[in-house]
Amino acid sequence: MAESGGSVGPGSFFAAYVPFPDARPERVRVTLARAEAEDCPALAALQAGVRGGPVARWAERIGRAVSGERSAVVLARVGEEIAGYGNVSFLPRHPGDGAPEGYYLTGVTVAPRWRRRGVGAALTRWRMAWAWERSSTVWCFVSAGNPVSLDLHRTLGFREVRRAASIQGVGFDAGEGVLLSAQSAPAAEDPAGTGRFRVRHR
Numbered sequence: 002m003a004e005s006g007g008s009v010g011p012g013s014f015f016a017a018y019v020p021f022p023d024a025r026p027e028r029v030r031v032t033l034a035r036a037e038a039e040d041c042p043a044l045a046a047l048q049a050g051v052r053g054g055p056v057a058r059w060a061e062r063i064g065r066a067v068s069g070e071r072s073a074v075v076l077a078r079v080g081e082e083i084a085g086y087g088n089v090s091f092l093p094r095h096p097g098d099g100a101p102e103g104y105y106l107t108g109v110t111v112a113p114r115w116r117r118r119g120v121g122a123a124l125t126r127w128r129m130a131w132a133w134e135r136s137s138t139v140w141c142f143v144s145a146g147n148p149v150s151l152d153l154h155r156t157l158g159f160r161e162v163r164r165a166a167s168i169q170g171v172g173f174d175a176g177e178g179v180l181l182s183a184q185s186a187p188a189a190e191d192p193a194g195t196g197r198f199r200v201r202h203r
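Number 23 in the numbering used here belongs to position 22 of the sequence shown; there are no gaps in the numbering.
Watch out, some of these pointers could steer you wrong.
[Unchecked claim] Here are the in silico distance ranges between beta carbons for each label pair:
#1 Asp174 x Glu70: 27 to 33 angstroms
#2 Glu82 x Ser167: 33 to 39 angstroms
#3 Ala122 x Ala186: 14 to 20 angstroms
#4 Gly80 x Ala166: 39 to 45 angstroms
#5 Glu27 x Glu102: 35 to 41 angstroms
#6 Arg155 x Thr32: 22 to 28 angstroms
#7 Gly97 x Arg58: 22 to 28 angstroms
Just so you know, these hints were derived from the structure itself, not from any lab. Small disclaimer: the values here were computed from a predicted structure and weren't measured. All C-beta atoms, glycine included, are put in the ideal place defined by N, C-alpha and C.
With the sequences and hints as input, model every part of the structure.
Given below as structure tokens:
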């Protein structure tokens with residue numbers, strides 16, 4: 002599940018692109034927590050409702066990410082309702098398209114009624130912080146046809162690395178994907194020259 006998204010049935014699960022709206026929906030207070038195995042059925046139902054496909058297949062995929070040693074799933078609640086969730090995983094260098102190894106934001110899904118309310122940004126900040134605790138660089142790839150996601154990631158500090166038809170073996174509905182990376186802030190003082198980094202919480 003890439004950050005890119007794509008089309009499902011007659012509609013699309015991209016948020017409508019309105020870069021300069023007259024008014025934005027009010028942001029909501031989001032509670033974030035690392036997902037556990039018991040959360041998988043609810044997350045799978047959300048994913049199937051947004052992107053289509055069998056709930057059982059999504060539950061299996063989400064379960065693997067929840068239990069992985071080098072991956073995490075974070076869920077967002079508004080009150081008691083699950084408003085969205087996101088994945089972050091370590092991916093090796095891809096032998097076909099040469100995408101570098103590292104920790105990638107590998108998917109985010111927000112329920113339609115909570116889009117453009119700050120949920121996606123909150124999920125992305127959590128995953129960036131989680132990755133930065135393990136590496137100084139976090140990666141993601143986004144469809145070139147998804148300007149909403151591109152704008153969000155650039156606002157959070159991601160910079161474009163390159164464009165390609167395939168990134169980490171994933172193709173894109175728009176025919177092109179954008180590989181982006183974000184760096185953590187170096188420690189203010191590092192007299193020992195350890196090269197260690199601190200996590201920047203934004």
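inquiry  = Quick check: does the Cβ-Cβ distance between Arg155 and Thr32 fall within 22 to 28 angstroms?
reply    = holds (26 angstroms)
Range agreement (Cβ of Ser167 with Cβ of Glu82, hint 33 to 39 angstroms) = At roughly 36 angstroms between Cβ atoms, Ser167 and Glu82 fall inside 33 to 39 angstroms, so the hint holds.
query = Is it true that the C-beta distance of Gly80 to Ala166 lies inside 39 to 45 angstroms, as the hint says?
reply = holds (42 angstroms)
task = With 27 to 33 angstroms as the target window, see if Asp174 and Glu70 comply at their CB atoms.
result = Hint holds: Cβ distance 32 angstroms, inside 27 to 33 angstroms.
message = 14 to 20 angstroms was suggested as the range; check whether the CB atoms of Ala122 and Ala186 agree with it.
response = holds (19 angstroms)
inquiry  = Tell me if the beta carbons of Gly97 and Arg58 are separated by a distance inside 22 to 28 angstroms.
reply    = holds (24 angstroms)
query = Holds or violated: 35 to 41 angstroms for the Cβ distance of Glu27 and Glu102?
reply = Since the Cβ atoms of Glu27 and Glu102 sit about 40 angstroms apart, the hinted range of 35 to 41 angstroms holds.
Every hint, counting from the list given before, is met by this structure.
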